[in-house]
Amino acid sequence: MGVFWLVSIVKYFVMFWLVQGQGSGLQNGFYSSSCPKAEAVVRSTVESHFNNDPTVAAGLLRLHFHDCFVQGCDGSVLISGSSTERSALPNLGLRGFEVIDDAKAQLESLCPGVVSCADILALAARDAVDLSDGPRWTVPTGRRDGRVSLSSQASNLPSPFESIAAQRQKFAAKGLNDNDLVTLVGAHTIGQTDCLFFRYRLYNFTVTGSADPTISQSFLTQLQALCPRNGDGSKRVALDIDSGTKFDVSFFKNVRDGKGVLESDQRLWGDAATQSVVEKYAGNIRGLLGLRFDFEFRKAMIKMSSIEVKTGSYGEIRKICSKIN
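The sequence shown lines up with residues -21 to -1, 1 to 304 when you count with mature numbering (1 follows the signal peptide of the UniProt record, and there is no 0).
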């Protein structure tokens, strides 16, 4: 009786997992037989665009992150339309769509209807990090593309203005813990942002019109020179002032030293739990702590890229990444 009960429970959870379509079909080398050159095509495409513009690496990484936090990692952020995720306010600055479209066109010519846009995006994010002197990892593949993309659901995305508590809640909703949160935010080591998103910290952070006290004085002067009070709000500034195109741990050193550009980044130092993770990574750029960040980033990316994926018979394989079939 006990064995029968145990088997029944196991069957129930297996069926529940399959119905959800979450992670059950991802595997390393999913396209090894159906499209053996898939990963090589994505890599060469990303490399070609990267050689022309290295800042596209951060764009691809952010594009994958924004995809996974809404509807799961199903390529839904790639769909064009007036009410899709892509049109939502938090996604208006996303970049790298042309890289995914380029790779998809090549793969459709080589292996029609086989490789999903969601997998192309996951692979492109990995290759972008690798090309930026960051870690490389094996990406489990087998994702299928979603058919739903709603701008209203972009509220699931973490905001640069949010508290650690709010960020923690959004990450936890996706099965990600504090270590994952800090590690994934470390992707800002190769990112950029507009003055518009942090200038308030420099001139009018409090009711008295003073600057954010968590910014070091020397860095405040530097940021004010880059983003004058009445200057161009769309001017781009590196999130890691020291090495904005190199994937390393200097971002964490900056947060430790009061040199985080975004308020949400600097707040990592003001929370005991997230501060301990920042401290763990904030070492010499090429030292052992840098290697530790690389190791943890690989794990966090594999975990994130498995959020609510669609596999098996769920979803579809889009012919064009910006359009549902």
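Don't take every hint at face value.
Once the Cα atoms are required to be at most 27 Å apart in a straight line, the calculated BS3-like pairs of lysine-lysine come out as [what the hints assert, rightly or not]:
(1) Lys214 / Lys232
(2) Lys16 / Lys214
(3) Lys153 / Lys259
(4) Lys298 / Lys16
(5) Lys259 / Lys225
(6) Lys16 / Lys232
(7) Lys16 / Lys149
(8) Lys225 / Lys282
(9) Lys298 / Lys232
Hints listed in this document are in silico derivations from the structure and should not be mistaken for laboratory results.
For each hint, the structure was consulted:
1. Proposed proximity of Lys214 and Lys232 is supported: the alpha carbons are some 24 Å apart, at most 27 Å.
2. Between the alpha carbons of Lys16 and Lys214 the distance comes to roughly 39 Å, so the proposed pair goes past 27 Å and is violated.
3. Our distance criterion of 27 Å between C-alpha atoms is met by Lys153 and Lys259, whose separation comes to about 23 Å.
4. Between Lys298 and Lys16 the alpha-carbon distance is near 18 Å, which keeps this suggested pair within the 27 Å criterion.
5. At roughly 19 Å between alpha-carbon atoms, Lys259 and Lys225 fall within 27 Å of each other, so this suggested pair holds.
6. As the CA atoms of Lys16 and Lys232 are separated by approximately 39 Å, the hinted pair breaks the 27 Å bound.
7. Between Lys16 and Lys149 the alpha-carbon distance is near 36 Å, which puts this suggested pair outside the 27 Å criterion.
8. Between Lys225 and Lys282, the direct Cα distance comes to roughly 23 Å. Compliance with the 27 Å bound is thereby established for this hinted pair.
9. A hinted pair counts as satisfied when its Cα atoms are at most 27 Å apart, and Lys298 with Lys232 does not qualify at roughly 44 Å.
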